[in-house]
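Number of protein chains: 2
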Amino acid sequence: MRAALLLEYDGGGFVGWQRQENGLSVQQVLEEAASRLVHGAPVVSAVAGRTDAGVHAEGQVALLDLPRDLAPERLRDALNFHLRPHPVVVLCAAPAPAGWHPRFSARARCYRYRILNRPARPALTAGRVWHVERPLDVPAMAAAAAALLGRHDFSSFRASLCQASSPVKTLDRLDVTRAGDMVEVRAGARSFLHHQVRNMVGTLKLVGEGRWPAAHVAEVLAARDRRRAGPTAPAEGLCLTGVRYDEDLFAQGPEMPG
Amino acid sequence: MRAALLLEYDGGGFVGWQRQENGLSVQQVLEEAASRLVHGAPVVSAVAGRTDAGVHAEGQVALLDLPRDLAPERLRDALNFHLRPHPVVVLCAAPAPAGWHPRFSARARCYRYRILNRPARPALTAGRVWHVERPLDVPAMAAAAAALLGRHDFSSFRASLCQASSPVKTLDRLDVTRAGDMVEVRAGARSFLHHQVRNMVGTLKLVGEGRWPAAHVAEVLAARDRRRAGPTAPAEGLCLTGVRYDEDLFAQGPEMPG
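The listed protein sequences correspond, in order, to chains E and H. The numbering of the first sequence is our numbering, which starts it at 150 and goes up by one. The numbering of the second sequence is our numbering, which starts it at 150 and goes up by one.
Hint data in this document are derived by calculation from the structure and do not stem from the laboratory. One or more hints might be untrue.
Claimed, not checked - So the derived label-pair ranges between C-beta atoms look like this:
| # | chain 1 | residue 1 | chain 2 | residue 2 | range |
| --- | --- | --- | --- | --- | --- |
| 1 | H | Phe230 | E | Ala247 | 57 to 65 Å |
| 2 | H | Leu173 | E | Arg339 | 44 to 52 Å |
| 3 | E | Arg168 | H | Glu181 | 52 to 60 Å |
| 4 | H | Ala328 | E | Val193 | 29 to 37 Å |
| 5 | E | Gly329 | H | Asp302 | 50 to 58 Å |
| 6 | E | Arg168 | H | Gly359 | 41 to 49 Å |
| 7 | H | Phe230 | E | Arg360 | 45 to 53 Å |
| 8 | H | Arg373 | E | Arg256 | 52 to 60 Å |
| 9 | E | Arg339 | H | Phe253 | 54 to 62 Å |
Note that the Cβ used here is the ideal one computed from N, Cα and C, for glycine as well.
From just these sequences and the hints, can you work out the full model?
Shown next as structure tokens:
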């Protein structure tokens, strides 16, 4: 059976989604849990967004190929049993439609980046936010963000290790809002370059601190030069909140972009 | 100097607010940090709400008596420096008004209780929620909660260890709402009995699961018998979100009840 899974995980203790030699990955934990359901046979997974080390997910979508049929709810509960004690859970499982692939069929991905903007370091939100002490000018950040919307060459916001064939992407959403001490950036696009969201947030933060005028961000974009943009924001503030497909995979899904 | 402090802490690793022989308390951590500011002289604190083991706070209010004057922002930053690495931070410090006391001057306390209502255990909200798998009927819980509003003898919801002189309290607010998988109970009153919020939540959960009709909660209240109410909800879902005073202590405070 091919099963689509909706996943939540705390990326803090992982080397990222993808299997690596140097530490525990979410993929390894998921595949090993799935392997327990089929008497130790190896199980291979694919995923919508290969999140980096430390990046969280509330709505990651994965595909599991299993040599055995299981009712979706039983599959969810059995995987969750074997995923213990890792901070990875299956929110929902469903039969995967024919030809569907979590990465290549994705229509949109939505990320949320949280900045805790106050003098005191986080206590209750430790590991979930970027702590920025200097007061951020959110309207200026929102104005700068608007300049990044649309179809552009995002080379200025692309990690050197990025394997995408083209630096041209279409950014559909980049909202910056504040609720008390928490500043949230929400980004939506069909796909992103490696580190694109974190590099955009690191740049918007410089605008929010008043170090760069909002209008400077359009120049940074036009330069197509990674050295012109701000630093990469830390992983722990980032969360993959949802992935959208043409197919309605899960009865009750997470927050969807758009 | 007498300083009023606004505190945030993760109660997970503490025996509660109050100093105890059997483990680390928030009070001990705060007083030891303050003692570092005055060359090791002992410092005594008082607090608005003596939270139990595992209970969190976003808006706890404390009083520190210090044998030395410090500017409020310097006091906040110096305490935060010495509070590391404990998950306790000072959000704001201010000179305490004459005659003001964090506990006895409090006009209202506001608590939030979070229930994660879904099949999968929490990954990102672990330690911050009560995980309840069975779908909760939130309108029924809200109807039951309404029966508890006002001035009553809350003996049915009072811990046997409660030291309050009277079981009569006035409950000003008890809202039950849902946002996706998260069910929130918000409670506001001048003061609460020991375990009152957690006992009310444990009772409302039985209504939400359909085990008790909403109208049964009024009977439980009228019985003035702890054995008639539901079990005590776990500590980790509870957070003291704010305390209100006649005085406007902090320039920018947390969410206030009412």
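Exercise for review: State, for the Cβ atoms of Arg339/E and Phe253/H, whether the hinted interval 54 to 62 Å holds or is violated.
Suggested key: 59 Å, holds
**Study point:** Arg339/E and Leu173/H - C-beta distance against the hinted 44 to 52 Å
**Key:** Cβ of Leu173/H to Cβ of Arg339/E: about 49 Å, so the range 44 to 52 Å holds.
**Study point:** Cβ distance range 41 to 49 Å for Arg168/E and Gly359/H, holds or violated
**Key:** Distance hint for Arg168/E, Gly359/H holds at roughly 44 Å.
Point to revise | Hint check for Ala247/E and Phe230/H - Cβ pair distance inside 57 to 65 Å | key: Given about 59 Å between the Cβ atoms, the range holds.
**Study point:** Ala328/H paired with Val193/E, Cβ distance criterion 29 to 37 Å
**Key:** Hint holds: Cβ distance 36 Å, inside 29 to 37 Å.
Exercise for review: Confirm or reject the claim that Phe230/H and Arg360/E have a C-beta distance inside 45 to 53 Å.
Suggested key: 25 Å, violated
Practice item. Using the Cβ atoms, figure out if Arg373/H sits within 52 to 60 Å of Arg256/E. Key: Holds, at about 58 Å.
Practice item. Go ahead and decide if the range 52 to 60 Å is satisfied by the Cβ distance of Arg168/E to Glu181/H. Key: Hint violated: Cβ distance 44 Å, outside 52 to 60 Å.
Check your understanding: How does the Cβ-Cβ distance of Gly329/E and Asp302/H compare with 50 to 58 Å: does it lie in that range?
Key -> 37 Å, violated
Going through the hint list in order, the structure does not satisfy hints 3, 5 and 7.
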